[in-house]
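K.L.:
In case you want the letters, here they are:
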Amino acid sequence: MLFYVLRRTGAALATLAAASVVIFVFIHLIPGDPIYVLLGDEATPEQVEALRTRLGLDRSIVTQYFYWVGNVLQGDLGTSIFFQDPVTLIIRDGAETSILLACVTMVWIVLLGVPVGVLAATRHGTWIDQGLSGIAMLLASIPTFWVGLYLILIFAANLGWLPSSGYPSIFEEGGLSNLRYLLLPSLTLAAPNAALILRLTRASMLDVAKEDYVRTARSKGIRPQRVVIRHILRNALLAVVSAFGFTFAALISEAVVTETVFALPGIGRLVVQSILRRDYPVIQGVILVIVCLYLIINLLVDISYRYLDPRVELE
Amino acid sequence: MLTVRNLVVSGGKGASRVDIVSDVSFEIERRKVLGLVGESGSGKSITSLAVMGLLPHPQLWVRGGSIELDGADITEEPPYLRVERGHGGVSMIFQEPMTSLNPVVPIGDQIVEAVRVHDGSTGITARNRAQELLEMVRIPDARLQLTAYPHELSGGMRQRVMIAIALACRPQVLIADEPTTALDVTVQMQVLSLIRELCDTFDMGVLFITHDLGVVSELADSVSVMYGGKIVENGPVERLFNVPLHPYTSGLMNCVPDPSAGHRRFQTIPGQAPKPGEITKGCRFAPRCRHAQAVCTTDTPAKVVDGPLHSAQCHFPIARGAS
Ligand SMILES: Nc1ncnc2c1ncn2[C@@H]1O[C@H](COP(=O)(O)OP(=O)(O)O)[C@@H](O)[C@H]1O
Ligand code: SF4
Ligand SMILES: [Mg+2]
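Going down the list, the sequences are from chains A and B. Using full-length UniProt numbering, the letters of the first sequence correspond one by one to residues 1 to 315. Using full-length UniProt numbering, the letters of the second sequence correspond one by one to residues 1 to 323.
Check each hint, because a few of them may be wrong.
Chain A is faced by these chain B residues, among others (derived, beta-carbon under 8 Å) [said to hold, decoys possible]:
#: 1; residue: 6
#: 2; residue: 8
#: 3; residue: 54
#: 4; residue: 91
#: 5; residue: 101
#: 6; residue: 114
#: 7; residue: 118
#: 8; residue: 119
#: 9; residue: 146
#: 10; residue: 151
#: 11; residue: 202
According to the in silico footprint, chain B covers these stretches of chain A (three or more CB under 8 Å from chain B) [what the hints assert, rightly or not]:
#: 12; segment: 239-246
#: 13; segment: 272-283
Calculated from the structure, these hints are not laboratory results. The beta carbon of each residue, even a glycine, is placed where N, CA and C say it ideally should be.
Please construct the entire structure, taking both the sequences and the accompanying hints into account.
P.N.:
See the structure below:
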């Protein structure tokens, strides 16, 4: 087990190294120049050259890369060209919103996607199944901003139950009750993903229901609910759990639209704005953090698999 | 004890409806083994699923006939309702031991699940019973094996676990649907003698399904031969083997490998078994029958008897001199 984790971590580090090159190269290939974003069009060539030298952008891309990697290894992701603040601090501020939003969203996805998927599968072929599958199809296909705007319209504007925008940190005044700011955004973000998990759960349950061992379970005379939960769902979850992993990781980057609609200070919005500003250090830093997150979640999913499926050997 | 009368199992709706099993009747008594023999596709598994109350609805259902166990009508009654209503039990072991056990649940738990339902016991009592059952099906180190997962066992061991699960349900009748087809020869013999022995120790009847008449001759007390969803001949094992009436039965007997011939040579029946609904008139075996005559394709053959227990459905039964 320990050996497995070490080996996987080694592989993850190699992936990370490769990813860092790709990230760096592609970001510098984006047309546009941060100098003009900062100085505007009327800057004199001397001002431009001076700033370029100060930011280290006059050096070759290879030198820049190794300079960046050297700093990253020391935990320094550089300084934002736009904000003139350390990138680590900027990411940390956005990370709280993004991670909490992803977690709350994940709770919705699991709570809505799995049980409703089970319901649809056990009512396979009836109008309940058709209705639920239809709703899922709809939720998976309507745009996120549309869902978000309607939720704001209903729950914030008309009913006034929930705030429509912003998010004060849970470490500030209000504490955990500030999580209510994330309710509508998380529902918005959960809608298409819960719909996918619902359809995956349903399809997976229907597949497993055809297995011989389900027939064996029925032949034992145990009640149908127990057959569904202990034999069908238990095996169907194997496929669903791996989807949880990449859904969670994808939420961080998928959240851009949601963060924009609800004016949340999250990482998704930070990336988009930083790309518009050609703020290379921030883009590089955020993408690096997201890649790390993907790798960690992948590892966790694989390890949890070991506990869900005894046939999987972690050697 | 178990009486199946005029069972008809159908699939499809409206005009596309076909009878997969038509007019099947048989009886199974305590401590007796009935062999159900026929080529693949003749409807043996569907018949046994119907007896189990486990037909895959809504694709297949019992359209006619009845299944009675100790006087109670158990037709289309799934196993959990049989438990609830206190009706007797039928257990089944399946052809494929590789896929018939839940891959993510330890085998001990899979047996305990059945013990809890049928004995009402829980906890350590149920667990001890599970161990006892594993010992009865001769699994070495039964206590240790309780925590093993199916993929850690060989095919023969898994089939023993399946038998243990079936026995945990305290069945009056055990259905074994080609239980040894997927196993190699030595293991086959062990499993067969185990089933024969358990039939007596557990005081139950056995419906043994196979396409191999050789196995039937060693194991069964009586035989029903199935063809195209119908039972074409049935009788006590020695009568049926000595004086087969139906040309299909005698054809199957020629398929049994002859050990004295030195090499394994099968004389198979030419042609293919009909698909459900393919032949609706006359005798379903007619296209492949060497004795067929015009009347065979038009009229349903009547029952011919050879003594009180042995009968067949044929216009020109062999023992009556049709060569
Ligand atoms: N779910 C089903 N729907 C329709 N036809 C089926 C279904 N399952 C089996 N059949 C048909 O029923 C016939 C008998 O099958 P089966 O009982 O499995 O035969 P056997 O066990 O004798 O080999 C086959 O022709 C098969 O194609
Ligand atoms: S009824 Fe005719 S076709 Fe059918 S088995 Fe007898 S002889 Fe052959
Ligand atoms: Mg079969």
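K.L.:
Can you name, in rising order, the numbers of the hints this structure does not satisfy?
P.N.:
1, 2, 8, 9, 11, 12, 13
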